[in-house]
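S.K.: Chains A and B, in that order, are what the protein sequence lines are.
Counting from 113, one number per residue, gives the positions in the first sequence under my numbering.
Counting from 6, one number per residue, gives the positions in the second sequence under my numbering.
None of these hints come from the bench; they were simulated from the model.
The model shown is predicted, which means the values in this text are computed figures rather than measured ones.
The C-beta atom is built at its ideal place from N, Cα and C for all residues, glycine as well.
Possibly wrong hints are sitting among the right ones.
Unchecked claim - Derived Cβ-Cβ restraints for the label pairs, each shown as a range:
#1 B:Gly59 <-> A:Arg121: 51 to 61 Å
#2 B:Leu136 <-> A:Ser129: 16 to 26 Å
#3 B:Leu136 <-> A:Arg209: 35 to 45 Å
#4 B:Thr101 <-> A:Phe344: 44 to 54 Å
#5 B:Leu100 <-> A:Ala279: 17 to 27 Å
Unchecked claim - Some chain A residues close to chain B (C-beta under 7 Å, calculated; not the full set):
#6 His125
#7 Gly126
#8 Ala141
#9 Ser151
#10 Leu155
#11 Gly202
#12 Pro221
#13 Ile227
#14 Ala232
#15 Met336
#16 Phe363
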Amino acid sequence: MPARGLGFRLAVHGVGSLVLGFLLLPIFAVVPASLNHGSFIRLPPEAWSTRWYARFFADPEWLTTLLTSFEVAAIATAVSAVFGTAAALGLARTGGRLRAMLTGLILAPMIVPVIVTAVALYYVGRYWGMTGTVAGLAMAHVLMCMPFVVLNVGVSLRALDPSWIRAAEGLGASPPRVFATVTLPTILPGLFGGAVFSIITSFDEVVLSIFIAGVQAKTLPVKMWEVVRLEFTPVLSVASTLLVALTVVLFVLFRLAAARAQAAGAGR
Amino acid sequence: MLTAAARRRLVTVTLLAPATLFLAVAFVLPLGVLLKLSFAAPAGPFSTYAEILGGWLYTRVFWNTLVLAAAVTVVSVIVAYPTAYMLTLLKGWALTFALYGVLFPLWISVLIRTFSWILLLEKNGPVNRGLAATGIFDRPVEFLFSHTGVLIGMIHVLLPYAVLPVYANMLRVDSRLLLASDGLGAPPWLTFGRVYLPLTMPGVGAGAVFVFLLSLGFFITPALLGGANNMTVAMLIENLVNERLAWPLAGAASFLLLAAILVLLAAAARFVRLDTALEVR
Chain A
113 MPARGLGFRL AVHGVGSLVL GFLLLPIFAV VPASLNHGSF IRLPPEAWST RWYARFFADP
173 EWLTTLLTSF EVAAIATAVS AVFGTAAALG LARTGGRLRA MLTGLILAPM IVPVIVTAVA
233 LYYVGRYWGM TGTVAGLAMA HVLMCMPFVV LNVGVSLRAL DPSWIRAAEG LGASPPRVFA
293 TVTLPTILPG LFGGAVFSII TSFDEVVLSI FIAGVQAKTL PVKMWEVVRL EFTPVLSVAS
353 TLLVALTVVL FVLFRLAAAR AQAAGAGR
Chain B
6 MLTAAARRRL VTVTLLAPAT LFLAVAFVLP LGVLLKLSFA APAGPFSTYA EILGGWLYTR
66 VFWNTLVLAA AVTVVSVIVA YPTAYMLTLL KGWALTFALY GVLFPLWISV LIRTFSWILL
126 LEKNGPVNRG LAATGIFDRP VEFLFSHTGV LIGMIHVLLP YAVLPVYANM LRVDSRLLLA
186 SDGLGAPPWL TFGRVYLPLT MPGVGAGAVF VFLLSLGFFI TPALLGGANN MTVAMLIENL
246 VNERLAWPLA GAASFLLLAA ILVLLAAAAR FVRLDTALEV R
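Isolated chain B (complex conformation) (with noise of 0.2 Å):
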């Protein structure tokens, strides 16, 4: 007869094992199989990393990739601070509406938002054919295939995730302080440049971080709506793949990618809270 305390050990150990045993099988194991992979080209165990880091031209989509994250989380934290505010000062349905407005677009597919986007930003599209109106452009912008597309793209796919942390951050901000700082003749900037900024911070930070992640590894939107001048990492790895057959190659690649991602949600994880953002949806 068992005592209660290991009926209790064996009831959660038997809860728990599905889930793991099944993550080790289908997500550990593979990547580990593909670790593995990356160090075993005939060249030598650290030939594809040496390869990768060494080479002017993976290193410039290294590069690329950076500088494209980071181009769009700094325009989708900017946007996103506004929106977020004005949500705390929506009531009732209004809030619903815009709140929604914010969530639904998380459903939809990220191939569906980029077709969109094909659609809107073709040259003979509607965005085109409405700056023509406008006069300001004599003929079509190259939307497509370019730095812009995609940027416009992967804000759109992304900037929800910016919103809904520093939103959930506004929401918990004490407006007592912020009567506190006019009550004492602060003029409205410098109580929202030294009282509601400061505060509101966390949550452009976790907002900054999750954006800039995810379009580390962002593949769809770039694939169709980029050309090849810019390519991603993601982009570089299903090329190795399924062009070059490449394997080791793209193993080392795949995991310079993901030790970026691991570093620098290491070093996010000592200044904002992430895992609460997790569940807004």
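With the rest of the complex left out, here is chain A (with noise of 0.2 Å):
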């Protein structure tokens, strides 16, 4: 855009920091709430306290739930990345109509509601036996961060010179040899990309969580969402601020993970 004057730039810098200050500070009201003293959140806090921290951390309902979710993300992310970082691989190796249709398959829990899922998994998990189950409730967020790790490898996979993989073959690499030294080095940071955003995903997950998770296997935002129905207590703002910064912290490892590929793309 060619120079404007400077009247236009201070408008579009004033409504964009506006926007920008509309989508972050919201989010980061949880904190001040989960350290107010009293048992009624005031934002901003008349008395600080950190007396609801020692609550959520000596509650074992609401630990058990923290560990549920860890659980649950551990294995909805080993599951997505081996079964996405393949389906990557296999989707490379096609072409045409069948690339599209399996890229709209793997994409589809994306599209279709939430909701409807939920409600058909509940339907039938209660057959399976997987409602109120760790297994059930990761199965489920498979559908739901399989895609992440599918569009990064995907990603980085672009990246991949097929001639590097004729050259290793000709060199008498064998096909895991090529894949170990050629190929993983390549996707893995859309790998730890994807993986990183599963684990996210799957923590962050609620709908279809409150219909699988039962009594025995609640997640931490299942207990939120129960709780948050009936009272809002600073314990609550608690468990929120906790997987804010967990979030912060997977965000500045995805950045820093990103910016390496990119580095590594831009020096070829």
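Two chains, two frames, some hints: make the complex.
M.R.: In structure tokens:
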């Protein structure tokens, strides 16, 4: 865009900054809320205290849900990483209609409203004995996590020059060796990014989880969902703040990996 | 001994099999069961669909959902446009920071973002106290359990999906075209209206389609911020399953919603490229 007047640029930056503030600031409202001293959340707090953190970590039910969340995220991410990477490699070897159809199938759980998938899984899950189990939750989460692995690995796979593979093969490397020495290092940043996104997707997932969790296998967001419908206790802001903190850490890790992948790509 | 081509095909099939089989069992099959269930009402195979499409109560929920989705989409796109434009003006760390400002909220759970808005929009919350301080409002605004609250919460959650495709599109605009327009004597507003806006419309279209489709299936935010008068289709489905145990009706509502989304998606695919925007995160 050619240079425009100062007034115009001020207006654009003004509106844009307001929108960024609108996007970012409300997320962090849970942080001061978690540091309230009183039993009712007031923003900003009149008296500050960390006693609700002590309450959170002393409550076996909250801790159990946190543990369940970690378990589910670990299984869902591991399965998504293996199935998703294999699928991305397989998709790169196909073309035309088949490739479009399979890509559509893999991305479909992102397009079908989650409530529809949740209700369908809840119905069959009761017969399959999946509801109320960590395995059932993890299986449901894979639906939402795997697309990110396939997309991310697919993007980094485009940086793979097919002549490298032919060169490795020509030098006598076996297919597993070619994969370990040529393919895997190239897709590793994409795989890492997809895995980080899987973890966060699983940790954040609410709709599928509230249908499948039952009473035996609640994840942190399921417990939060139950509590938020009853009362707005500061413990809820503690749980939210912990999730936001975890997200910040994973976001930074993801960005660092993306920056490294980009630097590696530019070096070629 | 297999030929090279047959071996190649075998490897491809082996790579694709786990994900495909998993999706067949954990996704396609459950949806198929639900579809079959929607035709399994005692009153006849199409009775559930007739009940939803013929019932005043149900059609109002569908209508509410459409109006809400349209409102969220219009506001999101209008707000997203100048924001995306600002991103194109930024460089260096300012660009990185602003871009992360758009991307980071996508990582935060919808539940937390909605909870934050409950805290902010409460009767005695900071927003109402701020409004009271201006002296314009003499009593607290009822944001929660109202249309306004749902609208604010949903725009907050979905706005990044509007900003990203518009921004990606703006980056692809050839600035020489704008210089040419300027050089030929067009005033800035004419260059914008006749050159820049038309060139960035595909991004606006992709953003609008995204926000609209995601709005249609939204559950958490309307369920927490809205009242009984603001029921969306997703809330209706949950209600039919959990409160009324009316599985065939829930199935019919689900597939009517899904059909609406697929029709819109097919119509939109003729005008905008949706796959590119999915990769931005």
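S.K.: Can A:Met336 be said to touch chain B, with a Cβ gap under 7 Å?
M.R.: With a minimum Cβ separation of about 6 Å from chain B (threshold 7 Å), the hint on A:Met336 holds.
S.K.: Mind checking the CB of A:Leu155 against every CB in chain B and telling me if the closest is under 7 Å?
M.R.: Status holds, d = 5 Å.
S.K.: Using the beta carbons of B:Thr101 and A:Phe344, state whether their distance is inside 44 to 54 Å or not.
M.R.: violated, 35 Å
S.K.: Given A:Ala232 as an interface hint, is its Cβ closer than 7 Å to any Cβ of chain B?
M.R.: holds, 4 Å
S.K.: Would you say the C-beta atoms of B:Leu136 and A:Arg209 sit inside 35 to 45 Å of each other?
M.R.: Because 56 Å falls outside the window, the suggested range is violated.
S.K.: Let me know if the C-beta of A:Ile227 comes in closer than 7 Å to any C-beta of chain B, holds or violated.
M.R.: Holds: closest Cβ of chain B sits about 4 Å from A:Ile227, inside 7 Å.
S.K.: Is the interface hint satisfied for A:Phe363? The criterion is a beta-carbon contact with chain B at less than 7 Å.
M.R.: Cβ of A:Phe363 sits 5 Å from chain B, so the hint holds.
S.K.: Against the range 16 to 26 Å, how does the distance between the Cβ atoms of B:Leu136 and A:Ser129 compare: consistent or not?
M.R.: Roughly 21 Å apart at Cβ, these two residues keep to the hinted range, so it holds.
S.K.: Using the nearest Cβ pair, does A:Ser151 come within less than 7 Å of chain B?
M.R.: violated, 14 Å
S.K.: Hint says 17 to 27 Å; check whether the CB-CB distance for B:Leu100 and A:Ala279 agrees.
M.R.: violated, 38 Å
S.K.: Holds or violated: is the Cβ of A:Pro221 closer than 7 Å to a Cβ in chain B?
M.R.: holds, 6 Å
S.K.: Let me know if the C-beta of A:Gly202 comes in closer than 7 Å to any C-beta of chain B, holds or violated.
M.R.: Since the shortest Cβ distance to chain B is 3 Å, the answer is holds.
Against the hints set out earlier in the document, violations occur for numbers 3, 4, 5, 7 and 9.
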